[in-house]
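Visitor: One letter stands for each residue in the lines below.
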Amino acid sequence: MSTKQTLKRVVIDPVTRVEGHGKVSLLLDDKNVVRQARMHIVEFRGFERFILGRPYWEVPVTVQRLCGICPVSHHLAAAKAMDLIVGADTLPPTAEKMRRLMHYGQMLQSHALHFFHLVSPDLLFGFDADPAIRNVIGVARKFPDLAVQGVMLRKYGQEIIKATAGKKIHGTGAIPGGINKNLSVAERDAFLKDVDRMMDWSRGALKVAKDYTVEHLETLAPFGSFDSNHLSLIREDGAMDLYHGNLRAINAGGDTIFDQVDYQDYTDYIAEEVRPWSYMKFPFIKSLGPENGWYRVGPLARVNTCDFIDTPEAEAARQEFMALTGNKPNNITMAYHWARMIELLHSMEKIVALLNDPDLQGTDLVAKGDRREEAVGLIEAPRGTLFHHYKVNADDQVVMCNLIVSTTNNNEPMNRAVAGVARDYLSGNEVTEPLLNHIEVAIRAYDPCLSCATHAMGRMPLVVELFGADGALLDRRVKE
Amino acid sequence: MNPAPQRTLVIGFGNPGRLDDGLGPAAAAALEADPPAGVTVESDYQLTVEDAHAVAGHDVTVFVDADAAGPEPFGWSRVAPRTATGFSSHGVEPADVVGLARDLFGSRAGAYLLGIRGYRFDGFGETLSPPARRNLDAAVAFLRHALESRVFPDATDGAAALTETGG
Numbered sequence: 001m002s003t004k005q006t007l008k009r010v011v012i013d014p015v016t017r018v019e020g021h022g023k024v025s026l027l028l029d030d031k032n033v034v035r036q037a038r039m040h041i042v043e044f045r046g047f048e049r050f051i052l053g054r055p056y057w058e059v060p061v062t063v064q065r066l067c068g069i070c071p072v073s074h075h076l077a078a079a080k081a082m083d084l085i086v087g088a089d090t091l092p093p094t095a096e097k098m099r100r101l102m103h104y105g106q107m108l109q110s111h112a113l114h115f116f117h118l119v120s121p122d123l124l125f126g127f128d129a130d131p132a133i134r135n136v137i138g139v140a141r142k143f144p145d146l147a148v149q150g151v152m153l154r155k156y157g158q159e160i161i162k163a164t165a166g167k168k169i170h171g172t173g174a175i176p177g178g179i180n181k182n183l184s185v186a187e188r189d190a191f192l193k194d195v196d197r198m199m200d201w202s203r204g205a206l207k208v209a210k211d212y213t214v215e216h217l218e219t220l221a222p223f224g225s226f227d228s229n230h231l232s233l234i235r236e237d238g239a240m241d242l243y244h245g246n247l248r249a250i251n252a253g254g255d256t257i258f259d260q261v262d263y264q265d266y267t268d269y270i271a272e273e274v275r276p277w278s279y280m281k282f283p284f285i286k287s288l289g290p291e292n293g294w295y296r297v298g299p300l301a302r303v304n305t306c307d308f309i310d311t312p313e314a315e316a317a318r319q320e321f322m323a324l325t326g327n328k329p330n331n332i333t334m335a336y337h338w339a340r341m342i343e344l345l346h347s348m349e350k351i352v353a354l355l356n357d358p359d360l361q362g363t364d365l366v367a368k369g370d371r372r373e374e375a376v377g378l379i380e381a382p383r384g385t386l387f388h389h390y391k392v393n394a395d396d397q398v399v400m401c402n403l404i405v406s407t408t409n410n411n412e413p414m415n416r417a418v419a420g421v422a423r424d425y426l427s428g429n430e431v432t433e434p435l436l437n438h439i440e441v442a443i444r445a446y447d448p449c450l451s452c453a454t455h456a457m458g459r460m461p462l463v464v465e466l467f468g469a470d471g472a473l474l475d476r477r478v479k480e
Numbered sequence: 481m482n483p484a485p486q487r488t489l490v491i492g493f494g495n496p497g498r499l500d501d502g503l504g505p506a507a508a509a510a511l512e513a514d515p516p517a518g519v520t521v522e523s524d525y526q527l528t529v530e531d532a533h534a535v536a537g538h539d540v541t542v543f544v545d546a547d548a549a550g551p552e553p554f555g556w557s558r559v560a561p562r563t564a565t566g567f568s569s570h571g572v573e574p575a576d577v578v579g580l581a582r583d584l585f586g587s588r589a590g591a592y593l594l595g596i597r598g599y600r601f602d603g604f605g606e607t608l609s610p611p612a613r614r615n616l617d618a619a620v621a622f623l624r625h626a627l628e629s630r631v632f633p634d635a636t637d638g639a640a641a642l643t644e645t646g647g
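Chain order of the listed sequences is A and B.
Taken in order, the first sequence gives residues 1 to 480; the numbers are from this note's numbering.
Taken in order, the second sequence gives residues 481 to 647; the numbers are from this note's numbering.
The reader is advised that the hints may include incorrect statements.
The calculated label-pair distances, taken between Cβ atoms and stated as ranges, are [stated by the list, open to error]:
1. B/R614 with A/K181: 36 to 42 Å
2. B/V631 with A/T90: 54 to 60 Å
3. B/Q486 with A/G53: 46 to 52 Å
4. A/F308 with B/T520: 55 to 61 Å
I should point out that these hints are in silico values taken from the structure, not numbers from a laboratory.
In this text, a Cβ means the ideal position worked out from N, Cα and C, and glycines have one as well.
Bound-form chain A, shown alone (with noise of 0.2 Å):
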C-alpha cells in the first residue's frame, strides 16, 4: 500500500490518570482509518550519566530520584546490584526478609493506589461514564467505604515501607551487603494489629476485580488485546516471586522461550531497539528479533508465567484466573487488574507471614565478601520486571549504568494497545471523548509509570494537537 495517502495526525497530550504524563499521536489516512499509535514518552534521559562518578554505596539512595512514584523499586533493585558489588552472593536471612517486607509493601501500596483510585471509577462507573463522575471523587462519594479502604491499604504499605527503608523522601534501609536496621518488636505489633483488616480489604478489591473482568468478558476480551509474550522473575520451583529469581519468557500459548536464566546474563538474551520518534527503547527477546521478541510484564505477565503462586489464597485466585483461559496464557489487556489484584492479595499474605517470623527482630544485619567490578539487579517492581546493571571501578565509582525500568519494557504492548482501541472507536476525523477515554482505559491497564518529570505547579498541562497530512497544526487545544 502506497504510504502518500492524506494523513492526519492526532495528538492527546498527557493521558490522564496515569501515572506521570505522556502523549499520544495517531496517524490516520484519508479515510480515518489509523495507520500507526505512537505512545511518546516524556523521559529524561540524563540519569545513567547522572549517576556516574558517584560512590557505589551512595547508589541504591540517589536512583530513588529516578522517580517519585516508585522509589523503593529503584532503591532495591541498585541494592540488590551493589550486594554483588561488595561480593555479598548471600544475604543474612534478616536483611533479605526485611527488604522482602519493604518490597511487599511497596507492592501492596502501589496496587492499592493503582486499583482503588486510577481504575475502579472505569470498572465502577463505566468506560463510558461522565469524567466528572468516572473520577476518585465519584468513587468517595457513591463508594465511600471502597475509597477509604484504598486509602488505608496505600497508608498501611506506606507505613511498612517507613518502618523498613526509613524516610519517603530518602530511603536508606538496603545498604550494599545487606539492611541497616532490624524491626523492632513495637513496631511488629503495630502492624500485626491490622493485618486482618487489611487482609479482608485485599480480598474485597480482588473480588471486585475479578467479577467485573468476568462479567464484562464479552467486551474485555478483545479491548485493546493482542497476544505476546511474557516475561518476568521466576523462582527455583516455579512459584512466583516478585523479589528475586531467575528470568522465565514464554510465548502466547504457553511455551517456554527461556527459563531459568540467570539475570547476571540478560544482555545475552534480552536487547533494546532504538525508535527515531521515541527517547524510550523498545526491549525485545533476541532469539525471536525485535519483529517477534516484544513481550510483556507485570502482574498479568507474572501470573501467567510462575507454575504457582506460594501463599494458598492468592494461589486460589491464580487457579480461578488461569481456567478462564484453559490454563493457557491469559492474553486479555483489561486481565492486568485481576492479576494485579491477585499480587496485592498475594503482598499482603506474604507480608503477614513476614510480619510473623521472628529473623525480623535478628542483628546479623550484612554480609560481605569478595569485591566485583560488574553486577545486575533485578526486581520485579508493580509495573513489572526492572533491570539495574552497574560497573564500578577500583576507586568505587560507577563508571556504567544502564537501566531498563519496567514501563520501558512494556513499551510496544502499550503502542500495540493505543492502536487497536484507536482503530476500534475512532469515528471521524476527530478525537471525541470516548475515544480519549477508552485510549486512557487501555493504557492505564499497564499502569505504565510514564514520566520522572518534575511537577511542579504550573508544568502540567493539557495539550491535544491536529497536525494536517503536511505536518502543519491544524488545531491545539490546552487544558491546564
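Dock chain B against chain A, hints included.
Guide: Below, chain B without anything else, positioned relative to chain A:
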C-alpha cells in the same frame, strides 16, 4: 488574619534530584531541623491520596511546593477543597488532597499553599539554582514566622509578606 490552631502539618514535596523541584523538601528539611511547637513536618516526592488522612488529623496543613511560574520569592494562598476531575496519582494537587480529606474523613481543616519560585527543572541534579536558594531562605523565614506567631494570612505574595514580617 486568623489565630493559628494547635496541630499544624507542613508537607514539603518535590524531587530533590530534579534541581529546583527540590524546593519543597528543602523547606521541610530547614524547618525540621528546629520545628516550631505543635508542628509536624513531612516531606515526599509528591502528594498522594493517603496524605488526605494525615491532613484530616491536623487542624491546619501547609503544603510547600516549587512553583515554576509564580511570584518571587514565593506565593502564599489559602487552599480550598476541590472536587477534581482528571485526578491523577502523579499530579495530585493540594486542593485534591484537602477535598479527599473532607469527602472521606469529614475534615474541616484549614490549608495553605506556599509556592516557592524555582527556575531550573529540566535535568538531574541535587542542587538548587542560586536564585531559588535565595527564594527558599525568604520562604522559610516567612513560614517559620507564621508558624511561631500562629498567624496565617489568607493570601499574599512573598515580597509583601516579607515587608509585613520585617524579613
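Visitor: Confirm or reject each hint.
Guide: Hint by hint, here is what the structure shows:
{"no.": "1", "hint": "B/R614 with A/K181: 36 to 42 Å", "result": "37 Å, holds"}
{"no.": "2", "hint": "B/V631 with A/T90: 54 to 60 Å", "result": "58 Å, holds"}
{"no.": "3", "hint": "B/Q486 with A/G53: 46 to 52 Å", "result": "48 Å, holds"}
{"no.": "4", "hint": "A/F308 with B/T520: 55 to 61 Å", "result": "45 Å, violated"}
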